[in-house]
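Q: Chain by chain, the residues:
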Amino acid sequence: MKKRFQLEWLWVLLIAITLFNTFLGEQFSSTALVSVLVAISVMYKGIIVIDHFMELKYANKHLRWLMRWYFIIFPSLVIATIFF
Amino acid sequence: MSEQQPSQVLGIFPSSWSEARAGRIPGHIPIWVGILSELTEFSLFFIAYFVAKYHYPEIFAQGPQGLKTSLGVANTIILLTSSYFMAKAMMYIRLDNYGRCQGYLWLVFSCGLGYLAIKTWEFYWNHQQGLSTVTNEFYTVYYYMTFNHFLHVGWASCAVLWVIFRLRAGRYSAQEHSGLEALAVYWHMIDLMWILIFPLLYVLR
Chain A
1 MKKRFQLEWL WVLLIAITLF NTFLGEQFSS TALVSVLVAI SVMYKGIIVI DHFMELKYAN
61 KHLRWLMRWY FIIFPSLVIA TIFF
Chain B
1001 MSEQQPSQVL GIFPSSWSEA RAGRIPGHIP IWVGILSELT EFSLFFIAYF VAKYHYPEIF
1061 AQGPQGLKTS LGVANTIILL TSSYFMAKAM MYIRLDNYGR CQGYLWLVFS CGLGYLAIKT
1121 WEFYWNHQQG LSTVTNEFYT VYYYMTFNHF LHVGWASCAV LWVIFRLRAG RYSAQEHSGL
1181 EALAVYWHMI DLMWILIFPL LYVLR
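Sequence order for the protein chains is A and B.
Quick note on numbering: the working numbering labels position 65 of the first sequence as 65, and the sequence is numbered without any gaps.
Quick note on numbering: the working numbering labels position 177 of the second sequence as 1177, and the sequence is numbered without any gaps.
Read the hints as simulated data drawn from the structure, not as lab findings.
Please read these numbers as outputs of a predicted model, since none were measured by experiment.
In this text, a Cβ means the ideal position worked out from N, Cα and C, and glycines have one as well.
Treat the hints with care, as some may be off.
[Said to hold, decoys possible] If we take Cβ atoms under 7 Å as the criterion, some of the chain A residues that face chain B in the derived model are: (1) Leu14; (2) Ile15; (3) Thr18; (4) Val38.
Let the sequences and hints guide you as you build the complete structure.
A: Below, the structure written as structure tokens:
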């Protein structure tokens, strides 16, 4: 069942993460924990879209890793801003 | 006239990069040249954001509070939904189900229009609040990044219309749909850029 509706599950998950991130930003002042949570969830959202919507999971490994690195590097800079 | 046929392979890349060894390239190579160029362009925007935030932490902490977060959330949900619709369109072309494929492509187009309408309303609302590109460094980066993304959604929406036209003309099938797949990966790239832009401009203080 989960496999059959995988795209639907992932879509719901992506929206839930978006709403959770917004809740964090609205309810809490910018703390190190909020920044880390937002950065990790953005990485996760990006990887879901790259692997399952863009369908790179079973496609060209160089393109997949290039896209994945993009979504590791820039969210990591969010964590780096904690030290600003 | 020479009867020698042009080679199908340029032979300028290492063999380890070949599709046979590294895996299939979704769409085709030209769209990935475009996508990687766009990623480079957006990476410059993101670097500009982080450099500016480093120099003006107070302005960047207060900046998101002047924006209408609900519009940013709405556009995020619209783009994520459009990516889901695009993935469904790809699923149905592989099943040779042209009707369903076309239906989902129209939904993607509707999401594109929805995004553009909400973004236009947001720019108008900002203007009513007295916000502009010269308000402060945060809003300079905000307009630079979001207007550029707005343009990308605009022309990608036009490309969706073109792909629908080609689909109706019978140019795509379960066996050959590289043009549709190229648009799909480009559309997902635009969604990915918004996934990064949204928390930087609307969530993080």
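Q: Can Ile15/A be said to touch chain B, with a Cβ gap under 7 Å?
A: holds, 6 Å
Q: Does the interface hint hold: is Val38/A within less than 7 Å of chain B, judged Cβ to Cβ?
A: holds, 5 Å
Q: Does the interface hint hold: is Leu14/A within less than 7 Å of chain B, judged Cβ to Cβ?
A: holds, 5 Å
Q: Can we keep the Thr18/A interface hint, with Cβ of chain B closer than 7 Å?
A: holds, 5 Å
Every hint from the earlier list agrees with this structure, and none is contradicted.
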